[in-house]
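Residue numbers (the working numbering), protein chains in the order written: chain L, 1 to 367; chain H, 1 to 710.
FYI, nobody ran anything at the bench for these hints, they're computed from the structure.
Some hints could be false.
[Stated by the list, open to error] DSS-like cross-link-like pairs, simulated, lysine-lysine; straight-line CA separation at most 25 Å: (1) Lys382(H) with Lys290(L); (2) Lys569(H) with Lys532(H); (3) Lys569(H) with Lys526(H); (4) Lys382(H) with Lys296(L); (5) Lys611(H) with Lys532(H); (6) Lys344(H) with Lys533(H); (7) Lys533(H) with Lys26(H); (8) Lys258(L) with Lys611(H); (9) Lys532(H) with Lys568(H).
No experiment lies behind these values; they were computed from the predicted model shown.
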Amino acid sequence: MIRGLARIFDNLLGRGDAAVTVPPLDGALRPNRHLDEATFRTRLEGVDCLVLQGNALLASAGDSIFALSLNGEWSKCKSYPSVIACVVAVDADTIAIALDTGDILIDGGRLDGRQYRANPSATCVTAIAVSGTHLYVANGSATNTLTNWQRDLLERNASGTIWRIDLESGAAMKLADGLAWPAGLAIDGADLVFSEAWKHQLVRIDVSRPQSRQVLYSDLPAYPGRIASAAANGYWLALFAPRSQLVEFVLREPSYLKRMMAEVPQPFWVAPNLRSGRRFYEPLQGGGVKHLGMLKPWAPTMSAGFCVRLDRVFQPRSSLQSRADGRTHGVTSVIEHQGQIFAASRGDGVIVSLPATDPAVSSGGGA
Amino acid sequence: MAASDSILRWRYRYVPDHLLGEILTKRWVDNAIPLLILLLVASVFGWLIPDFFSSGSISSLMRQWGEFSLIVLALMIVMVAGGIDLSVGSTFALGNIVALTLLSVFGWPIWAVIFTALACGAGIGLISGLLVGYLRLRAFLTTLVTLIIVRAIVDMLLLKYSVAIAAAFVDSDLWYWFGEGYVLGVPFSVAVAIVLAVVAHLVLSRSRVGWHVLAVGGSRRSAHNVGIPVRRVICLTYVISGTLAALAGVLFASRLGGAGADTGVGLEIAALTAAVLGGNSLGGGRGSAAKAIIGSIIVMIMVNGLVRIGVTRGGSSLLLGLVLLIAVAIDVRWLKNRMKFLSKVYVSPTYAALPAAPSTERNSPYALNDRLRSVDAIGLDKIDGPEDVILDWDDHIYVGNRTGDIIRFFAPDYTRQEVYAHVGGRPLGMAFAKDGSLLVCIGGMGLYRITRQRQIEKLTDETNRSWFSIIDDSRLKLADDLDIAPDGRIFFSEATIRYEMHEWPVDCLESRGNGRIICFDPNTRKTQTVLKKLVFPNGICMTHDGQSFLFAETWACRISRYWFDGPKKGTVEPVIADLPGYPDNINRASDGTYWLALVGMRTPAFDLALKMPSFRRRMVRRIAPDEWMYPNINTGCVLRFEETGRIIETLWDLGGENHPMITSMREHKGNLYIGGILNNRVGRLRLEGSDASWTGQQSYWGQEPQKRQA
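Chain L with its partners taken away, still in its complex shape (with noise of 0.2 Å):
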């Protein structure tokens, strides 16, 4: 009863379990500029996964997939008849491609041309998952599409849900239900690992028994995306949007976001972006006022560029950011090949990549 009572004295001050708080950026995950700083860039515009196919390196933007030529320049591959969601690689020359309709075709390989859906009404699959037999598919939310992963955000919807598919078979069989937009997935083993977006948590998730659930690592810093494996023993994890004090705070406030979402166009949202700043119809914060012309990189902003190398036990280790006053925002996948780190800035329609040997990168804290 004295928890309860406190917990509605919480509630009406605004502290304790009720305050606005967002973890700092600290230790593995201090900042820096690296994915500014990065002397490869190209630019794709709407570039939102990349894929390892063999030796090759594609990425999909829109409904095309393009692929890296020997001379740094992206050219298209091939087009699908809708958006492309995302892609991953079953084997050396097949991958996976989910449409934003909900359906996944198999390109390439023993399995050409087959299709598969999780469900007819899994119309929002925002990362997909290949071990052996298996397909694994993530669902972000039962009534948002994936468009409107703002909305789903500040409705604090949490009806995303996790899919197995057999290859042969193409059967479908629901993992987890009521997840708050599972955003990545990454075979662990026989475990499967995904990242909780709205909830900024990874959690394991053990395929034969669905119900038991392990959360590796709570409270991240911003809102975590697709995860792909790292070259030695690792992973990368991809985060689209940072989290800040104020959109926590709104999330918060049920009248202030019923009207906002009424009457205010979704573009000047006080939510996260993938690229924010560019109108100056979208809301500023008190310390993103530039003085002298400058913006400080500190300064709170709806989006930046962060991807964050996790360990064997998925525990953060260190980080490539962008901060607020860069130009590589949003950056909703990242892929470690041939000794070289690529993250797909879709905020931005860059892909920068660095060399993975850089002191920086590698284990250890951040520069």
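For this one, chain L is given, so just place chain H on it according to the hints.
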């Protein structure tokens, strides 16, 4: 939605929640809380006991109070210097027994008796003072020991003389008048207490000795460093304390004429409770006679009320002890948290519904364009925050900067700059007077003039105080822009009376009518507030008819016109009621129209927040100031409009590359000079097709003044 919005509007117009924050900034709020407790206690006991305040019971209560308040005063004086005197009760008893003994047993004359009793008290105080002040012993233990020793002395005297005192009869009307007589209708002891309280208040607040005492209590080390004789001051406070306690004992002796073993026992606890309840700080440095008096009245009412109700002696001591505990706890928490509480409570947002924002699409007068892209930068990275720009007869540029200088850039290439005058504060709006002197509004200081010989003169820094404002609005906190009428009167705006220069955007979160326009007449040197309750009045510009001026209200996004002369004198008329951004400075253009700077653009999310004041209030309290939603002052533009309010053209810098923030623009000889309060440059834009010989001074004053100095 419309109904709830109008309810909201009425609630925020008529419930003044900004008063709480303003009251907390006042220094007398420390006295207000004990006063409230006093009223509460008096009303509770007045209701519980039917004839508590009848004249019969009051009269005896008042004499008791007179003696008690002398003791509380004594204790307060010692506490305010950082010490504590637990021996006041015993000294009180000593004064009592000494007076009675000398009078009854030895038959001394009254004046000698009083003098000796007071001297005894002073002597006890001196001993404590020497031990605590000079030998630096701990006040608590030392005065505890003094308490015990003096109590022992009193007991010894009682043993020896109590029978003789009881048997004797003092035959002196004067003696009985001390304890039972009246002065001007007031009991004698009450008169003595009041007079001494007034003296103590005046000494503590207005005399050097009193300031020394407060300084020693506030910070002993700093007082010593400044040269105050700390040990002497502390010793003095104990001497005064002993004397006052003995005086109370003399009055008690006169009133009751007897001495018992329990005279004054436990009095120090009651006195301590009274002192702390009244608001005197236990740590020293904060206290006054008023607080002591209020505290003593509260304790007096409580103790006697409890007795009248029938609570046993132990019970009333228990209650008193509890009250002391609570009072000490509140005292400590209040001291620590007052400023924090104030900072959370001060911002009082109100309901502010702006008219729908005009669009900036292609077919609107505010259509976006790139016309400011080709602006030259003057003083790039060499000037910090030029809020307003003005040029003189020789085409030199004058700007104010963030560090309190007026900087002059030399014509014609503007690469060389110098500090024209160092005025301090934050120079904002500027104008040239008829004689060529530069008038400048300085944020944080007021209205100043710099003559052509570079002498800085203050024109005014105060105006008439409004009767019902809690904030002292006779001071000028944020004088913003000015303009000069043809007869020389200067009209200037004060943007807000509730916020200082460095926190001006916080006024937007309130969007209250906190600002005003003031007129200074240099002929009579009188300052008068002309318009009140404006929402951040900013730019002021005289119209060409010489009878009115245009002014901008920044957070209300509108331009209005005020007639100060002529048939429409005193009226305010809207000129542009719905701007898409926040207007700042207004200045004349060469073809009879006016230039307007928009310092920021309205954002839909923030406009919605302006209609939800409780949302803004919670935002201010719960998240850091860096994270608050602000008006978007990162993007600005320049407008040209005519007197009817029609927008003629708009100049934008999309992307904020050249001028992320624009607060002012000035047309001069075919160029437009642009300044911004947080920018690092002055911009110059060539105006195609405009009069290449037009200057602002010519437009206002005609010809150049004859006398010229370099």
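Outcome of the hint check:
About 17 Å separates the Cα atoms of Lys382(H) and Lys290(L), which keeps this hinted pair within 25 Å; it holds. Among the hinted pairs, Lys569(H) with Lys532(H) is consistent with the structure: their alpha-carbon atoms are about 16 Å apart, no more than 25 Å. In summary, the hint linking Lys569(H) to Lys526(H) is supported, as the alpha carbons are separated by about 19 Å, within the 25 Å threshold. Restraint check for Lys382(H) and Lys296(L): the C-alpha separation of about 19 Å stays at or below 25 Å, so the hint holds.
Under the criterion of a C-alpha separation no larger than 25 Å, the hint pairing Lys611(H) with Lys532(H) is consistent with the structure, at around 23 Å. Restraint check for Lys344(H) and Lys533(H): the C-alpha separation of about 24 Å stays at or below 25 Å, so the hint holds. Restraint check for Lys533(H) and Lys26(H): satisfied, since their Cα atoms lie roughly 22 Å apart, inside the 25 Å limit. Note on Lys258(L) and Lys611(H): the hinted pairing holds, with a Cα-Cα distance of about 14 Å set against a maximum of 25 Å.
Restraint check: the Cα-Cα separation between Lys532(H) and Lys568(H) comes to about 18 Å, which is no more than 25 Å; the hinted pair holds.
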